[in-house]
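Chain C is already provided as a structure; the job is to place chain W with the ligands on it using the hints.
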Amino acid sequence: MTDVVPKVDTVKLTIDGIEVEAPKGALVIRAAEQIGISIPRFCDHPLLAPAGACRQCLVDVEGQRKPVASCTQPVAEGMVVRTQMTSEVAKKAQEGIMEFLLINHPLDCPVCDKGGECPLQNQAMSNGQSESRFVEHKREYPKPLPISTQVLLDRERCVLCQRCTRFSDEIAGDKFIDLMERSSNEQIGVFRGNPESPEDDAPFNSYYSGNTIQICPVGALTSAQYRFRARPFDLVSTPNACEHCAAGCDQRADHRRGKVMRRLAGDDAAVNEEWNCDKGRFAFQYTQATDRLTKPLVRDRKTGELREASWPEALTVAAAGLAAAKDNGGVGVLTGGRLTVEDAFAYSKFARVALGTNDIDFRARPLSGEETEFLGSSVAGRVDVTYADIERAGAVVFVGLEPEEECPIIFLRARKTYLKRGLASYAVAPFVSRGFEKLGATVILTTPGAEAEVLGESEQLREALSADGAILFVGERLASVEGGLSTAARIAEETGAKLAWVPRRAGDRGAVEAGALPTLLPGGRPVYDPAARSEVAAAWQLDAGVLPSASGRDTDAIIAAAKAGQLGALLVGGVDPADLADPQAAEQALDAVGFVVSLELRLSVVAKRADVVLPIAPAVEKTGSYVNWEGRVRPFGTVLKTAAMSDARVLDALGRELGLELGVGDVAAARTQLAALAELPLPGTAEAGTALRGSVRVAVPTVAAGAAAAPTSGQAVLASWHHLLDNGSLQDGDGHLAGTARTPVARISKSTAADLGVADGDAVTVGTGRGAITLPALVTDMVDGVVWVPTNSPGSTLRRTLGVAEGALVEISTGGTKS
Amino acid sequence: MTLDYQPSQESLSKLTPVLTKRWLSPDAWKIDVYERLDGYTALRKAFKAHPDELIQLVKDSGLRGRGGAGFPTGMKWGFIPQNDGKPHYLVVNADEGEPGTCKDLPLMMADPHSLVEGVIIASYAIRANFAAIYIRGEAVHSARRLRAAVEQAYAKGYLGKNILGSGFDLDLVVHSGAGAYICGEETALLDSLEGYRGQPRLRPPFPATHGLYASPTVVNNVETIASVPYIVLGGSAWFRSMGTEKSPGPKIYSISGRVNNPGQFECGLGVTLRQLIDLAGGMQAGHELKFWTPGGSSTPMLTDEHLDVPMDFEGMAGVGTMLGTTAVQVFSNQDDIVYATYRWIAFYHHESCGKCTPCREGNYWMVRILHRILAGQGTVLDLDTLLDACDNLLGRSFCALGDGATSPVTSSIKYFKQDYLDYIEGRKTPMFKGELVGAH
Ligand SMILES: Cc1cc2nc3c(=O)[nH]c(=O)nc-3n(C[C@H](O)[C@H](O)[C@H](O)COP(=O)(O)O)c2cc1C
Ligand code: SF4
Ligand code: FES
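Residue numbers (the UniProt record's numbering), protein chains in the order written: chain C, 1 to 819; chain W, 1 to 440.
No wet-lab data here; the hints were simulated from the structure.
One or more hints might be untrue.
Stated by the list, open to error - According to the in silico footprint, chain C covers these stretches of chain W (three or more CB under 8 Å from chain C): (1) 346-353; (2) 359-369; (3) 385-393.
As the list claims (entries may be wrong) - Heads up, incomplete: computed chain C residues facing chain W, CB under 10 Å, no partners named: (4) Gly63; (5) Pro67; (6) Phe100; (7) Val135; (8) Glu186; (9) Arg462.
Glycine residues also receive a C-beta, built at the ideal position from the N, C-alpha and C atoms.
Next up, chain C with everything else stripped away, as it sits in the complex:
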């Protein structure tokens, strides 16, 4: 970006006798921070609108009759401020407020989760008096009040700063909690449908609910997951990058005695600001699953069963099997989207160098050849859209992406911008989802399959995308729309809009950069290009001709080939067949292929079918980096030091077994090798659009826009995306989190519902020749002849049950007529 930092108007004021220059409009409390003076506060939060409710931050301002709340008072030229450091009035006012706050606050710090990291506790020490004069009874409440299955509220601890309610309203847009009652009986609560039965309460329904726990300045909000589990001073904190989605949140993991106890949102102004989503915060128990693998397994020749084996044995067996297969049909490599960029690079190099193949693909979901081209032409090596660009955008358009469900931090940025200056959002989608509603988005209701046509022809979208700094966001789902990505690339080119591809998983973008694709080498270099190949060969010190020159097979083709007996072996990373377009075919392929090596965390469907299972480390037990949707590197260190090895280390050992020195076993070495081939922006400097180091770029695909399928009577076009919280295996192990997932429903239009004769809540069955899903209907303002169901939620495992992807024709009927 060539942006010059805009010049900010400043004013001069003095705080405690020190002259400060602060931006015009800045709050006194912030200006004081600038010079290291911390004014005590509770309701104030830099990312929330000022409230002035707690009155803890009172300071003395010359010329003002009364003490002033520094969290609501903007600075002014010549203003003279005295804080508790130099003013008796301010000091007494703050001590008075602190005494008031403690009147009704229980002295249960020794058993409170917040004790030890509590702003109330800390500030009571720094800015309060040691003795309270209060001798009356304190207010009491039954405790705790579960405001969702995950978030618990102990009302007697609450200081009513409203940070939680303001967060849920201003930031997340989920105003499910609010102040109730008044005076000393004022309390946070959820909507109570019936005062007699709390079962009728409308719970705090938000994907961002955990943030309220983090910003609560007392221990009033706790998570069911962490409550009473640890004391802050017993925890060891490690900065960490979230392994779930492509947003790339900075996080902090706190562990004790070899177990992660909780995770918190990290503070990265360029990415997640100070927020994260509940998946990132709460979904980490999967590493402690009972089926977690710690020792290699080898299929016993006599019993045919998997048995534990030593690493040397397992590596020998695996290497021998792969070597044999290499010369006998070849090996297909499926890596999955959860790898660090270093691990993906190791697979990429291992496939080319050790297995001599380009049959490698990270995509564990529906995909297309058009997408493969698009990743080369318009994604690899490009860093031209950032979170900050959303705040500057004239308009944003979402196609094949529901940001709240599929990349929740993009949603937060867009919403922030929408609230701040009315950012115009547009979406091409089958209905106005809750996320789109909260963005005030204009949604062009579209039948799945017709997105390309709509995007290509809508004047409204063309105009929006022509706005200054407009961004076209395309989700990975657009891969299954014929002509979708081609049209997106073309329209972006024609309108000058920026184009951002947003995959769903943390490892997807890194895998593109690392060349875990059948057509791309690291750094977006096309496999077909001799110059590109020789650059890579030189970097890897390979003899000419070692790198395979033919483009490889993509995931679908690898599976088809394996199923047809054309491949000798499969090397599979963390891939769940249930995520693939056709899980059944994938499992058949695993069964059919002669040899399977599985690098796995848990005894998965793939591991169970493997000949050799090599256990690998989960994110918390290794070092690495993810590359988020922006193309920004998100490095992280090891949280828990265990004996578990990263995929790269295992592959390095496997290479050695094959007589090769890949040099990818060590993260630093892998990074150096990758850096020689692919230029990725350093963390926090994604501002500059870096070009590929490779000289040639894959051409932009030009697939013509397809049309949506045309349902006949009893049929509908299938629409779907993943709920943020669903059956994903990385969410296993936390029932409290699962309890906050959205209820799976089948959405159909009014007329579709009328045709079926169903109303809200009635059972609707969506089926294919393979199976059927029955869910309660939710009549929605959407296109007729379309049914939307979640991709992988309880009772709605679309791919496994139906074996089809979005855009397919399905049968639709009432009630549970399961086929």
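Below, chain W with the ligands without anything else, positioned relative to chain C:
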């Protein structure tokens, strides 16, 4: 009332029936009776003037807000940005919640059209095409009268489109609150009117630029707005012929308590308590004045030393209190000041909105201390604690409700510390049974 009581000529000469002049006329609340008694003539006159001239007229009259704070009304109207392309609103504060205050509700009961007429003129002046009267929820009868008046005014073309052929449109809505004192605070009122929880808003921005629905809004008290038609008819000089230079005009004083004839007495600003008690038929037999509030419980109490202080904005400020809503509550030597203070603080505790710490917690604390003192379990230190709690509350709360709560406590301890000590030191029989405290 003791019929044979005769107020002095001097006291009687203080009466200035302007807003109350129709109150005793039968059926003045009906539109035809109102019209016969000069009703809606001020409106016709106002329409002949330019809105800016009306704002100037009100400025010249020196009319000050009757809702408690005494802010100059013309200046408030002048703050409304003109030609800003936004809708403007007039909101009438008819929440009348200040303890002891009973002037707005009787006005709306006896003479609702005078308020409606004032609303139309004021809206015309500030270029508002929508006005609302936010009336206290409990005031069912007044609300009914007011709604009927609005209906009649619509029927006769005083409201609606092109009023009296002036080209001016106005819709007027009467909205009943749900009974919260805080909803009389103008920004809480606006939130409540918008359908939200009634809690005060952060200022700035002020209602003059970001009021109802974030648009320029004037919030005025009932009595303020009801004064406007008379100013239009009588002119500013006439208006200034009543009251004092800095506090001009007539004012409805509502007097209650230990007097023979409690009620509303409209006098020029600056009347004294002695005169008001005289007008109200004197003290009840056997009662001697002990303490009194000049303008509701939020204004610090005064004593019999202050019988002759002029009850205008300046006079009251001069003796450390405020004119407030001119709700004069008269207490005698048979009334218990500690108990009265306890009851008042119980009110503030009940009515605190809960938003800010000092008001929410300070009142919770003070009401318990006062209860303990009345239960004979107080200590001398409690008085210091009460005063210090007030010091930590006054000027520290988010809105003026919290400030008001300190008035009864500080003024009662200031003038009648001995009464507290009588409970604390066991000279007075406890009023409540004691409780074990602690356990916190
Ligand atoms: C707690 C509280 C309660 C109030 N209640 C009333 C009320 O019932 N009626 C009223 O007119 N003003 C009330 N006010 C004053 C209003 O906030 C506002 O100043 C007034 O309506 C302005 O009108 P005026 O300028 O005509 O006096 C109250 C203020 C506070 C702080
Ligand atoms: S002073 Fe504070 S708690 Fe009291 S009413 Fe005002 S804002 Fe609410
Ligand atoms: S931090 Fe300023 S009022 Fe709460």
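Verification of the supplied hints:
{"no.": "1", "hint": "346-353", "verdict": "holds (count 5)"}
{"no.": "2", "hint": "359-369", "verdict": "holds (count 8)"}
{"no.": "3", "hint": "385-393", "verdict": "holds (count 6)"}
{"no.": "4", "hint": "Gly63", "verdict": "violated (15 Å)"}
{"no.": "5", "hint": "Pro67", "verdict": "holds (6 Å)"}
{"no.": "6", "hint": "Phe100", "verdict": "holds (4 Å)"}
{"no.": "7", "hint": "Val135", "verdict": "holds (5 Å)"}
{"no.": "8", "hint": "Glu186", "verdict": "holds (3 Å)"}
{"no.": "9", "hint": "Arg462", "verdict": "violated (31 Å)"}
Going through the hint list in order, the structure does not satisfy hints 4, 9.
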